[in-house]
Structures are given as C-alpha cells and as structure tokens.
Amino acid sequence: MGSEGKEPQLGLRQVTWKRFLRGPDAQLLDELYLPALSRAVRYDRCCAYFNSQVLAVAARGFGGFIENLLALGEGAARPAARLLVNEQLDREDLDALLATGDQALLIDHLLKQFKTPKAALEHNRLEMLAWLVASGWLEVRVGLMRRSQGVLHAKFGLVTDAHGDCVAFSGSDNETGQALTENYEELQLGTSWQDGEFVSYYRQRFESLWADEDENVAVLPLPEAVRQELIKLAPPVPPCELLRDKDSLVTAMLWHYLAAAAYLPNGEQACDATALVDLWPHQRRVVEDVAGAFPAGRLLCDEVGLGKTVEAILVLRRLLAGRGARRALLLVPAGLLKQWQDELREKGGLVVPRWEDGNLAWPDGRHESMLAAQALRQENLLLLSREWARLPDNRNLVLAAPA
1028 MGSEGKEPQL GLRQVTWKRF LRGPDAQLLD ELYLPALSRA VRYDRCCAYF
1078 NSQVLAVAAR GFGGFIENLL ALGEGAARPA ARLLVNEQLD REDLDALLAT
1128 GDQALLIDHL LKQFKTPKAA LEHNRLEMLA WLVASGWLEV RVGLMRRSQG
1178 VLHAKFGLVT DAHGDCVAFS GSDNETGQAL TENYEELQLG TSWQDGEFVS
1228 YYRQRFESLW ADEDENVAVL PLPEAVRQEL IKLAPPVPPC ELLRDKDSLV
1278 TAMLWHYLAA AAYLPNGEQA CDATALVDLW PHQRRVVEDV AGAFPAGRLL
1328 CDEVGLGKTV EAILVLRRLL AGRGARRALL LVPAGLLKQW QDELREKGGL
1378 VVPRWEDGNL AWPDGRHESM LAAQALRQEN LLLLSREWAR LPDNRNLVLA
1428 APA
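Convert by adding 1027 to the 1-based position in the sequence shown; the result is the number in this note's numbering.
Source of the hints: derived by calculation from the structure; they are not laboratory data. Quick caveat, the model's predicted, so the values are computed rather than measured. Some hints here could point you the wrong way.
Taking lysine-lysine and the BS3-like style, the derived pairs with C-alpha atoms no more than 27 Å apart in a straight line are [said to hold, decoys possible]: (1) LYS1374 with LYS1335; (2) LYS1335 with LYS1365; (3) LYS1139 with LYS1335.
Construct all of the structure, not just a fragment, from the sequences and the given hints.
Shown next, in the form of structure tokens:
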C-alpha cells in the first residue's frame, strides 16, 4: 500500500500491445487485463448481463488497479471505474419502469440473477469488485433497450493511465454462464497514441451511454437494494488478486478432472469415489444394480442401519451425472425434510432446496418466499413432504411439473 498522492510509475506506453487478441481467460489475463489495469487509474467497461460470473469476468486484473487507487488516495477519481451492464425486461415491465420509475421488477430481476459465487477465482474477483463499490471507486449502471426486447450487445472497455494515455478494446467476449476458466474471447485493441480514432469512438460511445443520451438504450443507476447485496461480498480490507502460479494451475487441473470424471464414459466409479462417504460392499452392489436398471424401478429393502439413505443418494449421484436423470423430486416424511437435506449435502455433496410452508429453504440457511408450483417448475432437485404431495390438489401440481 503506497502513500497518498503517489502516482503509479508505469504507463500504458511501456507495453507493446497486440492489435488482436484471442484466447481463454488465463491468456487474456496475462496479455491484457493484468498489464493494463496494473497501470490504470481509470477503467470504463460495457459488458453483458448482471450476474456473478459476468461481473467476475469484468473484474479481471483488479488487484493492480486497487493498488494504484490506494497509492493515489484522495487524488483518485470517484468513481475511478464505471461498469455498464446490459439487461432485458419484458416489454410491459420495461414500459412501466420507464413511465413510472418503479424499479421493483428490475430489482427482483437482478437479484434473481446474482447468485452466490461457487469457485474461488470467481469469489476473489467479486470481492475486488464489491470492495471498489463499497469504497466509492466503482459505480455500476444498467442499460435497457428502449424499444425492443433485445439487449445491448456492445462489449468494450477503456483503460486510462495517470498520463492520460488509453488502451481501448472491443470484441466478442463470451460472457455466458460457464466457468471463468472456460471463458474465451476475441478482442481488437487500439491505443490513443497509435489509433486515436479507435479510442475516440469507444470513448464517445461509452460517455453517451453512461449519460443516458443514447436514443436506443435507457441507462439507470444500479438499484440501491442490488448495490447493497453486492457490497455484502466486500472484505474489510483491500483484497489481493488471486493469481495462478504453477501449484495453483496443477491443483485447478486436478480439480477440474475430478469434477468431470463422473460424467465420462465408465465414470461410475469416479462418481462414487468423489462422494463424501465410503460405501460398504453390499451398498456398492445395490448402487450398481439400481443405477444400472434405470429407468426401471427398485425398492431398497435393507434392514435398519445398513445404509439405505446412502444407497439412494449414491444412486441419485450416478443418474444425475449424465446417466438418465436431469431432475429429481424427493418425497420424504415431513419430519425428515431437514434431515434428508443435510444427508444429501454431507454424504452426497448435493445441494438440494426443500420446500415447506410457502418457502424454499437452502442448506446454507437462505430462504425465499415461493409458491410450490414455481418451486416445482424451476428447481431441478427438490425436497417435498410426501404428506403434502398426497393431497389431491397438491398431487396435481406435482404431476404437472416438468419431467
């Protein structure tokens, strides 16, 4: 952490920038985001949807950027970073929002998309982004198409150093819901000292969008309720960039293999081996038989204490790993819903919500008010009370749910 008023020593001109870049996340990190943002004092970015993975993509290289802002102290611009995310609402909802200013539907839409990060790399990048938001150095706004149900597909960024030099980039970055390590981009770069027209175009484009001056795109501040949800991820101290040294890369490679092994042909043993419990010999035979017989049914009739619950969980793991099942509804006694939820997580590594009393409850304690019909539609794995499901009206809801 430097002293206040100290400017970053390195400028963007000290790097030889390629005109075109193509590659996965790690390669783009080394060739663009780390060298650019380690020299930056301002960063403007137009990216895709508001969700945890897209935001994590936008936060690549923020470690060096944070160090620069801390070195500048009060001399750093606020906001030093501006992030414009693009969203899509139904025509009626968008008209109501633009006419009345009521952001309730937009807030609900954004919060539903913002999930708790699962991967360490994604969590680290979101911590950096959230810390910048909480510190007032990053502002997020939301772009909505005014006259159509499409989205603004422009994805570009501008990095500016302490000397006023700028690197702009634009391209077909693949900001989807996939893992960050699988993200692949093709980018075109231009610098203010070699291609002023390229940089000027994207500078004017961003400023026009940010100021809500584009005739096709309405730009709104990120609703405060959503901003506060993002800030919850901010650590108490400035976070550091999680970099990928050799040991980290080997660990990541092994982890990704383990995650994929259960889905490979003849990966049944890997599926069992990566569960959080060791099978007894008789359980292994039961799991083999029941999973192999699917979609034909089997009744588990072991005596009490011989592990029928574990058998059922391990069968479910095999079927969900590309062996015939995409969705599963688990009907258990009402008094055992929480116990089954815990067993699924502790022994099978399966995170399964339970629905009861109008709420969807997750193993980590989160609750969401939700109708049973909605839970049955949207959750691929769900725990329900068998007593509730037996009631005639409820039985119809269960049968009407997607298979």
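Quick rundown of the hints versus the structure:
Restraint check for LYS1374 and LYS1335: satisfied, since their Cα atoms lie roughly 12 Å apart, inside the 27 Å limit. Between LYS1335 and LYS1365 the CA atoms are separated by roughly 17 Å; this keeps the pair inside 27 Å, and the hint holds. For the proposed pair LYS1139 and LYS1335, the alpha carbon gap of about 36 Å is over 27 Å, so the pair is violated.
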